[in-house]
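2 protein chains.
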Amino acid sequence: MKSIEIQKIKEAADYIRYLTLETIEKAQSGHPGLPLGCSGLGAILYRYILNHYPENPEWINRDRFVLSAGHGSMLLYSLLYLSGYNISLEDIEKFRQLGSKTPGHPEYNIKNGIETTTGPLAQGFSNSVGMAIEGKMLAEKFNKKGYPLFDYTIYTLLGDGCNMEGLSYESASLAGHLGLDNLIAIYDSNSISIDGSTNITFTENVAKRYEALGWEVGFCDSTGSVESFFEKIDNLKKIEGKPKILITKTIIGNGLNKKKNTNKIHGSAAGIDEIVYFIQNSEIKNIFERKYGKESIQNREKLKEITQARVENKESLLQNKKVVLFMKQCIEDNKPIYNKWRELNLKYKKAFPKEYIKLKQFLNPSINDSMKEKFLNYTEDKPDSTRNIAGRVLNLCAEQIPQIIGGSADLASSTKANLIFSKYIEKKDFSGRNIAYGIREHAMCSINNGLALNHTMIPFSSTFLTFLDYMKPGVRLAALMKLNHIFIFSHDSFYIGEDGPTHQPIEHVNSLRLIPDIYTFRPANDIETAFSFLYFLENLNGPIAIITTRQSVMKEAYNGSFERSELYKNFKKGAYIFYETRGLKNPDIIIGASGSELGVSYKTAKLIEEKDNLMVRVISIPCLELFSKSDKTYKDFLLSNKETTFVFIEAGSHRGVDLFYDRNMILIDIQHFGESASGKELQKEYGMLCKDIYDKIRKIIH
Amino acid sequence: MKSIEIQKIKEAADYIRYLTLETIEKAQSGHPGLPLGCSGLGAILYRYILNHYPENPEWINRDRFVLSAGHGSMLLYSLLYLSGYNISLEDIEKFRQLGSKTPGHPEYNIKNGIETTTGPLAQGFSNSVGMAIEGKMLAEKFNKKGYPLFDYTIYTLLGDGCNMEGLSYESASLAGHLGLDNLIAIYDSNSISIDGSTNITFTENVAKRYEALGWEVGFCDSTGSVESFFEKIDNLKKIEGKPKILITKTIIGNGLNKKKNTNKIHGSAAGIDEIVYFIQNSEIKNIFERKYGKESIQNREKLKEITQARVENKESLLQNKKVVLFMKQCIEDNKPIYNKWRELNLKYKKAFPKEYIKLKQFLNPSINDSMKEKFLNYTEDKPDSTRNIAGRVLNLCAEQIPQIIGGSADLASSTKANLIFSKYIEKKDFSGRNIAYGIREHAMCSINNGLALNHTMIPFSSTFLTFLDYMKPGVRLAALMKLNHIFIFSHDSFYIGEDGPTHQPIEHVNSLRLIPDIYTFRPANDIETAFSFLYFLENLNGPIAIITTRQSVMKEAYNGSFERSELYKNFKKGAYIFYETRGLKNPDIIIGASGSELGVSYKTAKLIEEKDNLMVRVISIPCLELFSKSDKTYKDFLLSNKETTFVFIEAGSHRGVDLFYDRNMILIDIQHFGESASGKELQKEYGMLCKDIYDKIRKIIH
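Protein chains in written order, with this note's numbering: chain A, 432 to 1133; chain B, 432 to 1133.
FYI, nobody ran anything at the bench for these hints, they're computed from the structure. Since the model is a prediction, treat every value here as computed from it, not as a measurement. Any given hint might turn out to be false.
Result set (DSS-like, lysine-lysine): computed pairs, CA atoms no more than 25 angstroms apart in a straight line [said to hold, decoys possible]:
#1 K1066/B - K1073/A
#2 K639/A - K858/B
#3 K1066/B - K1130/A
#4 K1060/B - K1042/B
#5 K680/B - K691/B
#6 K745/A - K858/B
#7 K680/A - K1063/B
#8 K725/B - K1060/A
#9 K1115/B - K457/A
#10 K1063/A - K1130/B
#11 K1111/A - K457/B
#12 K695/B - K525/A
#13 K766/A - K778/A
#14 K1066/A - K1127/B
#15 K1073/A - K457/B
#16 K1130/B - K1066/A
#17 K1127/A - K457/B
#18 K1060/A - K1115/B
#19 K785/A - K575/A
#20 K759/A - K716/A
#21 K1127/B - K1073/A
#22 K1066/B - K1127/A
#23 K1073/A - K1060/B
#24 K1115/A - K1115/B
#25 K1127/B - K1060/A
#26 K1073/B - K1060/A
#27 K1127/A - K1111/B
#28 K695/B - K854/A
#29 K1127/A - K1115/B
A few chain A residues that don't get close to chain B, going by computed Cβ distances all over 12 angstroms [to be verified]:
#30 A643
#31 R731
#32 K791
#33 S797
#34 E1112
#35 C1121
#36 K1122
#37 K1130
#38 I1132
Yeah, the Cβ is synthetic: ideal placement off N, Cα and C, and Gly gets one too.
Based on the provided sequences and hints, a complete structural model is requested.
So, in structure tokens, the structure goes:
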């Protein structure tokens, strides 16, 4: 065991406290409580525990550290600065400012040592579980006897808030089931949350809870000296077959006078008085004395003036070369480990050339032209539900691209998102490519986000569209981090039938569209389904949501006569002409539809042609966001002039926003909850049959 | 202790199995697994355990039963039918049909004995926690020594699915903290979920987990005889100071041949062969023999024909008078209890006339004219954030209406949704009206739904708008059940500033609008905030979402010169003219805005008037859904003719749906994630300052 220099850790811890206090005081915004409580154990982690190499933050076998309690971001930024990552003292001075490297909550940037975006509670913890699964999978896939290419550990720091969130329970339950012994959680147990002591609401036995979930639980008192923390972590690290959690008793706002151990220090600047108290009673006193003279610092009033001036004038933060020197020593200490790994990597290349090529490919997923052709030319023999089609296309993807792994929240048999050629991962056997997440939608999504962070894996998550609600926070983070994450949401709209309104998504498709940086496709047939996946694979620049049906889509939605590469070009613009009356110059009516409503739109168009002798155009709009942002010429071309009657048909809610829809437009949507009855019956009940739509259009055009 | 007639329970259990099997076979849709596994314990519950009185399902002191595992609805419908509730055999025959009393999943209808809508997993369990809190609160408020008006128990049946959901953990943790000993959960532990054995993903120690959360845990083996179930429940009932859970080992699909104990029977019809096997090997054989002759029933092939014909021709279900007689005996058995309570109620009326009047009022919340006046004339002295204003208006509501209770997910100090004159409820003291939900948004919402079900309580839930995501499934159910539930979502849009994109809601306001049966108000000032609450209180016909700001809204958003009752009349239509150029006939430009953008809209209007000498109208649109549905005349009047330039300003996402917006309309919204910086800086960065908006409008109109 390494020996730790406890006095130097104390100095580092107090310097982190200083950076935190002064920075947040200047910004008048931020959360000092956690960094003050955890600075000591943070310093031990970065200095002694992590197998990391700050000069190469992207080192694939580095130990990862995730600050799940993201509001304590000043702890992370301080540690990254001190350990020699790409974050400087000047960066810290820009804390919470526009465009800085040090935003309010940590934002995903591996190059800067930030493994994931955190802030929404328990998300980081859940990501860590994903990262641990990734570690196990990489080891299973590439490690050879004597060649432990992947043997890193995930450390994740979570607080009372994370532990109260159901997401942390879900993720911990799965981590325990899978025996993820490469995961060590550090529970910053300070017993204070925003509204006061956790006694007012959180009195469960956390240790027993984690034991019940199959975790090894350790205890550590870090309220005074943090000496034992190193040893406790070291002991936990040795335990095999289980994830581990170290319950670490800390004091929120440690180092302060009156606000210590209170909720007042959770999320607000400490105030000058507290900073003065801290300086006079901490290891930081020396650097102040050196700059301002011993006398000034011992005099409370003088020190107050100095501190006030420093904050008001936003003076540069005081440097502490001694602490920097000490903390940066982690680079030298870890150099042999890092170099040994690089040698191992080279030896591996020689000993296992095929595997090495695979590994390189694995680290750079891409789609080549021959794969692309398969998607471009994808065809089904006969009409089917898009969930079935998407299931087959997903398998095609996964056969081509080994990085694709994932599963469903106990609905694989229904959503069809299941790799039929592979098995489930399980404890001690991570060779499968399916994951049985259990009925834990939220954990599925956030664990998969964790799998996507390092770009070695491309996860897919799947459930009924209506249960998107159970995992929305994770979907949002996938979009925010632009992770390559495939969402397959099946059982769209009232068509799912008898299960009733709780299971019938109404508002969900449009809710997804509103989220920035995720594209939602509602494919209408085999071609559009294959194209949706192709669009994702070609770009690999963020998540995609593919909405599929339970029921077979109407045969009218199929049209095999399109020239595929031309069609795909237009598909990528979000919409294309699916049909138009022969010899059409200017249509009398344009019908737009997405997904399962394309068939009925086409049928209606034919009826209008036949009965009313009018010129009709049908546009398929698989992706509204893309079409809305496509160039004006293309949009004007498809939608024709303003005078043409435009009908849009979609079995989902446009409630509220339809206020602004073109007043000439006919919107046929669903703005009420569904009911328990067969999909067909509801289609009739809700006026979504061809004849209903025809009547509606006819009434308006005549 | 009552003695139970075990043979009769067996017969009842098998009759429930029969009803389930044949009904689902006819519907070719439904979930037989749970009803088959739990029919015995269900029969014991309804026959012996529940203090209920089916002739008055709304009896306020009845024991409640919640089927959290809602997919097993056939169990509930069978039990309600057999016990004499308002559900007949004919109703069961309409299982999963349009407009029936027996939809796919149970739908909230207390008159029919259905306490809440379930199906989305763990929601019913969470509702039960709310109902238990309600019981404790009513008892605390109204019970007197010797007058236990409220002493009911909540029974809730949950399965593996409910237990895997993080929501069940959150709710159980709070229930344990509050020591809700009037709550008894029955865990239907059959170890099978949709994708297979729970071994593939759910191997935690559930008993230990509940113990860790402060629950009393009992065990019961109901795989064979269900005899011990009654005793075990009876034992648990006696334990005070803790919620209790009975882990009941069952067999999914019990009574079948090959599909028993497999995932094949979870959610699909059993098939004729299995039904035949069941009939021949169960207590149901007799009623078949009576109808079809002993010989036919003993002959497998003949019975198969009979069963096939019954299913194909949708023949009426076979009656079982003996079972009905036995089960309905619960009415006679409970009559003394029910009558005793009614007498107690009358005695209470005499002994405590004042409290009795209060109780009556409590059961019928309403707002009278003098209260209404207070909201109509509500005024703040100076501009403020709408979160502060909403906090004060909420307190005004709560002072007027004693049913209002609730709180925040550990953000009361930030969202200001806190009743300042009251305290938190706690274990053994339920006299407070604030609830510290902890950082458990989902549990907050779904527990509050439970509180709202009986109309004795009007709960409020509050968190940052961005964390709506953590509780969306519950919000949807509040809307679906039209519960009187106030949602206060604070910290709207990027204006919240430094906390960064994870904390800045962008897509959320429009996401809420899309949900049927909930109205979303984004008030712009003091008046609109008070009006939003008034709108809710006047209607009491479903939930409301009130979106508030962290920052002070601009002083330009205030206008004290409106005639209030006239203004409120228009407010209820969703939009009204906030300002227009004096002497205006037809405006040149109309600017619409909601919430925090009303101020900047007014300022921009004044600039246009001044600099461009144009006629401008400003419309405030606090509720898009109401305005969209308002009558055409009013809409046309406010929005003028199509040629007038219309600008809509809102700091939220209209991504995707803006495709259909009037092509002449100028939409100024936010379709990207926010950043960490001050709200003011972001306002500039995102072109939301008056001068930016002015420039944008000017460029287009000239």
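Which constraints among the numbered hints does this structure fail? Numbers only, ascending.
4, 6, 7, 8, 12, 15, 17, 24, 27, 29, 30 and 34
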